[in-house]
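Could you build all of it, start to finish, from the sequences and the hints given here?
Protein chains: 2
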Amino acid sequence: MNILVTNDDGIMAPGIFILKKELEKKYNVYVVAPDVERSATGHAITIRNPLWAKKIFLNDEFLGYAVNGTPADCVKLGLEAIYKDIKFDIIISGINKGPNLGTDLLYSGTVSGALEGSLNGYPSIAISSANYQNPNYKTAAKFILDFLENNSIINMPEFSALNINVPNVDYSEIRGYKITRQSKRRYKDYFEPRKDPYGNTYYWMLGEIIEDDNAEDSDYFVLKENYVSITPIKSFLTDYDYMNKLIKNIEEENNGFKG
Amino acid sequence: MNILVTNDDGIMAPGIFILKKELEKKYNVYVVAPDVERSATGHAITIRNPLWAKKIFLNDEFLGYAVNGTPADCVKLGLEAIYKDIKFDIIISGINKGPNLGTDLLYSGTVSGALEGSLNGYPSIAISSANYQNPNYKTAAKFILDFLENNSIINMPEFSALNINVPNVDYSEIRGYKITRQSKRRYKDYFEPRKDPYGNTYYWMLGEIIEDDNAEDSDYFVLKENYVSITPIKSFLTDYDYMNKLIKNIEEENNGFKG
Chain A
1 MNILVTNDDG IMAPGIFILK KELEKKYNVY VVAPDVERSA TGHAITIRNP LWAKKIFLND
61 EFLGYAVNGT PADCVKLGLE AIYKDIKFDI IISGINKGPN LGTDLLYSGT VSGALEGSLN
121 GYPSIAISSA NYQNPNYKTA AKFILDFLEN NSIINMPEFS ALNINVPNVD YSEIRGYKIT
181 RQSKRRYKDY FEPRKDPYGN TYYWMLGEII EDDNAEDSDY FVLKENYVSI TPIKSFLTDY
241 DYMNKLIKNI EEENNGFKG
Chain B
1 MNILVTNDDG IMAPGIFILK KELEKKYNVY VVAPDVERSA TGHAITIRNP LWAKKIFLND
61 EFLGYAVNGT PADCVKLGLE AIYKDIKFDI IISGINKGPN LGTDLLYSGT VSGALEGSLN
121 GYPSIAISSA NYQNPNYKTA AKFILDFLEN NSIINMPEFS ALNINVPNVD YSEIRGYKIT
181 RQSKRRYKDY FEPRKDPYGN TYYWMLGEII EDDNAEDSDY FVLKENYVSI TPIKSFLTDY
241 DYMNKLIKNI EEENNGFKG
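Taken in sequence, the protein lines are chains A and B.
Each step along the first sequence adds one to the number in my numbering, with nothing skipped, and position 69 is 69.
Each step along the second sequence adds one to the number in my numbering, with nothing skipped, and position 204 is 204.
Check each hint, because a few of them may be wrong.
One copy or any two copies: either way a pair holds, since identical chains are not told apart in the list.
In silico lysine to any residue, SDA-like type, Cα no more than 20 Å apart, as pairs [stated by the list, open to error]: (1) Lys184 <-> Asp241; (2) Lys234 <-> Phe159; (3) Lys188 <-> Gly121; (4) Lys248 <-> Glu158; (5) Lys26 <-> Asn150; (6) Lys224 <-> Glu211; (7) Lys84 <-> Pro193; (8) Lys224 <-> Arg175; (9) Lys184 <-> Tyr240; (10) Lys54 <-> Tyr198; (11) Lys234 <-> Tyr187; (12) Lys245 <-> Glu216; (13) Lys54 <-> Glu192; (14) Lys20 <-> Leu145; (15) Lys245 <-> Asn150; (16) Lys184 <-> Thr238; (17) Lys25 <-> Lys142; (18) Lys184 <-> Phe236.
Everything labelled a hint here was simulated from the structure, so no lab data went into it.
Structure representation (structure tokens):
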């Protein structure tokens, strides 16, 4: 099996290195990742500048290609240029430093790496370790290797992907995995104003986490109970409930507004 | 009614200026927009650097605040810092130069401006003019003003938004509007390799549009027939069909894999 690996913490991040080493026990692994950290870049792509891909070696061992772009750029360039001749079976983005839960999915470069893979027709997985300070990447790496062996990920529907979050514990302490939905976990933003040396105000963005979506199928909820959270996601945002409501309203009102 | 306006083409783009002028005929308009073009930045936010907000004047008239960030940054900063004391009724992102259809929604900074508004609890609209070369912003501006007068947008569900695309014709030629779904319109990427002056290969990202999702409720389809396309969208990506399939599989297989 050929696996394309990317991330948003950059090619020098420990998470991608540990993931590569673990996956190489069973599979062929090809790394194309951002040259520097691109956290919170969402599904950004680089359209006004060209992209370079630079070979990176670690102790004389080839690690992969570093690209001056986002995770979505790396997936596109990996599939359509750098490794155009490889037939990939799956795309994996991670292991991210910190969880990707609730509205993180919109901001996360890691998740967008996986969604980009799915848009290109490949089974794709985003994987994160649920701790910012001292993530246990080994647990997450071991989980994904086992998961690939025990699940027919090839049957993933077109344009869908999996967003996997692994608790920050030893592998033996994981209680299993649960299929979850993206929760409404989100942030209450606030900005800390400061003065620059020229007297201008500038702002640091900060946020408090809001967790009011406690249910057995919520992504962050199962994680706290030491289960791996596996959320099936897709790239299409249509709100069908709202859509049907609007269509019904228009039929009923028939207000003559033609636009 | 107080309206917060942003875009992804930058505060100096004609689309945002024409939108502001039109909305000011009826409402109070506050502009917070990126200092330079931020097209295709998706839902990126700025977490590693601080943000500055600079007042911009056009012929001595105050236009709005320019921020060194993305559309999502502008909405956050506008709501929580710059205009913290204003009670906003709606957030509008645009008028974008070019359509936002199908998978554009993932890459678009314009759409993410609206989604960020909806995540903050406000009715939010992304609006685009469906032409890259010579967009008719006046038609789009007039449409949105009429739309706001004739529709109770205040009833938008929490965390939802509207993605509106306006045909590039005179206002009199618009046949009306249709409620649509985000289509599967997408791109087949390819990369054009070149050599830089130092002998290194670099790549320009290009893409061909794939339009194989022709149906009466598809976003790009109605636009071609000179209808305005209004797609209700939301910020939650869970693929419930796939989720239920996975849950069923696990129950049936009971394969002993605990993760």
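Now for the hints, and whether the structure bears them out:
Taking the shortest Cα distances, Lys184 and Asp241 sit within 20 Å of each other both inside one copy (17 Å) and across copies (19 Å). In this assembly of identical chains, the alpha carbons of Lys234 and Phe159 lie at most 20 Å apart whether taken from the same copy (6 Å) or from different copies (17 Å). For the identical chains of this complex, Lys188 and Gly121 are inter-copy neighbours only, at 11 Å across copies versus 35 Å inside a copy, given an alpha-carbon limit of 20 Å. For the identical chains of this complex, Lys248 and Glu158 are inter-copy neighbours only, at 19 Å across copies versus 30 Å inside a copy, given an alpha-carbon limit of 20 Å.
Within a single copy, Lys26 and Asn150 get their C-alpha atoms as close as 13 Å, which meets the 20 Å cut-off; across copies the closest is 61 Å, which misses it. Taking CA atoms no more than 20 Å apart as the test, Lys224 paired with Glu211 passes inside one copy only; the shortest distance there is 12 Å, against 43 Å between copies. Proximity of Lys84 to Pro193 under the C-alpha cut-off of 20 Å is restricted to the inter-copy arrangement: shortest distance 13 Å between copies versus 47 Å within a copy. Taking the shortest Cα distances, Lys224 and Arg175 sit within 20 Å of each other inside one copy (11 Å), while across copies they are farther apart (53 Å).
Taking the shortest alpha-carbon separations for Lys184 and Tyr240, both the intra-copy value of 18 Å and the inter-copy value of 15 Å come in at or below 20 Å. In this assembly of identical chains, Lys54 and Tyr198 lie within 20 Å of each other by CA distance solely across copies; the values are 13 Å between and 39 Å within a copy. Within a single copy, Lys234 and Tyr187 get their C-alpha atoms only as close as 22 Å, which misses the 20 Å cut-off; across copies the closest is 17 Å, which meets it. In this homomeric assembly, Lys245 and Glu216 come within 20 Å of each other (Cα to Cα) only across copies, at 17 Å, whereas the closest approach inside a single copy is 29 Å.
In this assembly of identical chains, the alpha carbons of Lys54 and Glu192 lie at most 20 Å apart only when taken from different copies (17 Å versus 38 Å within one copy). Within a single copy, Lys20 and Leu145 get their C-alpha atoms as close as 10 Å, which meets the 20 Å cut-off; across copies the closest is 53 Å, which misses it. With identical chains, the CA atoms of Lys245 and Asn150 are at most 20 Å apart between copies only, with a shortest distance of 16 Å across copies and 42 Å within one. In this assembly of identical chains, Lys184 and Thr238 lie within 20 Å of each other by CA distance both inside one copy and across copies; the values are 17 Å within and 11 Å between.
Taking the closest pair of Cα atoms, Lys25 and Lys142 come within 20 Å of each other only inside a single copy of the chain (11 Å); across copies the shortest separation is 61 Å, beyond that limit. In this homomeric assembly, Lys184 and Phe236 come within 20 Å of each other (Cα to Cα) both inside a single copy, at 17 Å, and across copies, at 8 Å.
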